[in-house]
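Chemist: Residue strings, one per chain:
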Amino acid sequence: MIEAPIPAGDVQRLQALRDLLILDSAPEERFDRVVRFASDEFDMPIVLVSLVDEKRQWFKAQVGLDVCETDRASSFCGHAIAQPELFVVEDTLGDERFADNPLVVGEPHIRFYAGAPLQLPGGEIVGTLCLIDRQPRCLDEVDRAILGSLRELVIGELVNQAATE
Amino acid sequence: MAVIHAPTPLSGGAHAPLAPMLPPIDLLLVEPQFLLRRTVAAVARDMRLANPQEITSVEAASRLVAIHAFDALFISLDDEGPALELLSRVRTGETRCDPAVPIAVTAAACDTSLALRLKTLEVRRLLLRPFKVKGVLEAISALRAAVPAASTSQASAATPRTVNPS
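Here the protein sequences line up with chains A and B, keeping their order. Last residue of the first sequence? That's 165 in our numbering, and every number before it is there in order. Last residue of the second sequence? That's 166 in our numbering, and every number before it is there in order.
I should point out that these hints are in silico values taken from the structure, not numbers from a laboratory. Take every hint as true, because none was put in to throw you off.
Restricting the straight-line Cα-Cα distance to at most 16 Å, the calculated cross-link-like pairs of lysine to aspartate or glutamate (EDC-like) are:
#1 A:Lys55 x A:Asp10
#2 A:Lys55 x A:Glu3
#3 B:Lys132 x A:Asp43
#4 A:Lys55 x A:Glu69
#5 B:Lys119 x B:Glu80
#6 B:Lys132 x A:Asp140
#7 B:Lys132 x A:Asp40
#8 A:Lys55 x A:Asp71
Please put together the full structure from these sequences, using the hints given.
Modeler: If you want it as structure tokens, here you go:
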């Protein structure tokens with residue numbers, strides 16, 4: 001397994017994340033409805049709004065998982081936030097970065113991952129809206145556009161939260 | 001009238017470069033559900049299928065079509081009676097829209113009575129809930145294909161954009 005990289009400017013990124021005052025907050029319908037919608041739209045068993053903290057990824061909203069956080073090093077989202085584009089792994093077993101990842105060989109047995117980075121207006125990528133399946137998948141261009149649109153809605157909610165705090 | 005339960009491949013737009021390039025249409029999108037409406041509008045705009053005017057209710061849509069012409073209409077029948085009344089007024093030329101404007105609708109269910117009414121109103125597409133954003137986009141793509149090229153908003157630079165009254 002290749003651990004999630006620590007991107008340049010991670011200190012500033014973490015500060016931007018903490019400034020949102022959202023880590024460890026209670027579930028909120030405005031995020032929950034997006035993950036439910038995405039799960040239905042893409043027929044995905046797991047959909048997350050994942051925020052990448054210093055040592056962990058914490059889930060603000062989730063469908064299909066019973067845990068609220070996992071460690072950052074083995075997280076897929078830790079890879080996804082290293083760049084601003086949609087990060088897709090169509091089959092984890094064919095990807096040396098993830099084939100022996102504990103989230104692949106054990107629960108929740110991830111085979112497909114697509115993470116849309118949540119980039120704040122200041123440029124910091126604080127997490128992802130991600131789709132996960134237990135079987136290999138691919139996204140076509142329309143799927144990618146739909147995921148991108150939902151990602152923008154999540155970013156809007158994050159920014160609105162920061163503005164109202 | 002086509003009844004759509006599952007998405008089919010889209011045609012046109014930046015994400016389908018092999019399809020014939022058509023200009024985006026001026027679309028009235030009446031859908032009360034926020035996430036569905038907003039996602040459809042954003043992706044339709046991104047794919048250059050349409051420039052949607054988002055409206056949450058038939059009542060607001062009725063006010064808008066009185067002052068603005070659209071190339072196509074996509075209307076939820078959640079508020080069935082007023083929605084069908086609106087479509088009837090469109091077809092009889094009581095709005096700014098062309099009476100032959102292509103129309104698609106969504107509904108929770110469709111019995112024989114509704115199907116006959118929609119046929120009378122020359123509704124081209126019916127999407128039954130639950131459906132996916134992809135299905136809506138496919139329906140919008142079909143509406144766009146039905147709009148005469150010379151009548152699209154970009155081709156004719158007809159009426160200006162209006163303020164959303166919803």
